[in-house]
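Chains L and V are the protein sequences, given in the same order.
Count along the first sequence from 1, then add 1277; that gives the number in our numbering.
Count along the second sequence from 1, then add 37; that gives the number in our numbering.
Any given hint might turn out to be false.
[Unchecked claim] In silico contact screen, one side only, chain L against chain V (beta carbon under 8 Å); selected entries:
(1) Ser1308
(2) Gln1318
(3) Gly1319
(4) Pro1320
(5) Phe1322
(6) Tyr1325
(7) Asp1333
(8) Leu1368
(9) Ser1372
(10) Glu1380
(11) Gln1381
(12) Phe1382
(13) Phe1383
(14) Pro1385
(15) Gly1386
The hints are simulated quantities; they were obtained by calculation from the structure and are not laboratory data.
Idealized CB from N, CA, C, for every residue including glycine.
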Amino acid sequence: GAGVSQSPRYKVAKRGQDVALRCDPISGHVSLFWYQQALGQGPEFLTYFQNEAQLDKSGLPSDRFFAERPEGSVSTLKIQRTQQEDSAVYLCASSPRREVPFEQFFGPGTRLTVL
Amino acid sequence: EDQVTQSPEALRLQEGESSSLNCSYTVSGLRGLFWYRQDPGKGPEFLFTLYSAGEEKEKERLKATLTKKESFLHITAPKPEDSATYLCAVRGNTGFQKLVFGTGTRLLVSP
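Build out the structure end to end from the sequences listed, making use of the hints.
So this is what it looks like as structure tokens:
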């Protein structure tokens, strides 16, 4: 079956540009997560959705980062006025349940490079 | 604050040479410890979930074990295709379902 898909796979932005990264979770998965992975590091949590509700955005590094999931399926992570320190791989993950800590299934990521 | 420390950072093995990767953790109320495999340019691939001390899970050449302070990923008779970065993550009882990851162990298995 289809897994989590993300687009674009690669994005190059000039400093100050806005970018939008898309995530298509596994069909029917209730929970959706965004993580940021710097080179040589483990993923770091950004934000969490349960259906369309954003229940945890404690990991978003600044108010330039914004995420939405308006219909409870596809999600978009938007970064405004990109900075060089935003360069990283942005991973999306989905999970079928809400309460029980079931495994999260990850997409291939979007590699963002800010020049 | 939940923390995960993985060791070693990198490990080079000969094909068939068994070894173990370590994941030490501190967490407020463990609700799950997860092992993932990550190949270059790809997202993490789920391997195991462990929930309580003493629990063990196996998959092919991999076996994961859990104590109250750490988890081990044992690799028996590894093959070159086992080469990857292995990530450990925990979910505590705060922050909804977010996972806290370690920095990973880069494993290289030479033929």
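Status of the hints after comparison with the structure:
1. Ser1308: holds (6 Å)
2. Gln1318: holds (6 Å)
3. Gly1319: Status holds, d = 3 Å.
4. Pro1320: holds (5 Å)
5. Phe1322: Hint holds; Phe1322(L) Cβ to chain V Cβ min 4 Å, cut 8 Å.
6. Tyr1325: holds (5 Å)
7. Asp1333: holds (5 Å)
8. Leu1368: Hint holds; Leu1368(L) Cβ to chain V Cβ min 5 Å, cut 8 Å.
9. Ser1372: holds (7 Å)
10. Glu1380: holds (5 Å)
11. Gln1381: holds (7 Å)
12. Phe1382: This interface hint holds because 6 Å falls under the 8 Å limit.
13. Phe1383: holds (4 Å)
14. Pro1385: holds (5 Å)
15. Gly1386: holds (5 Å)
Checked against the numbered hints above, the structure breaks none of them.
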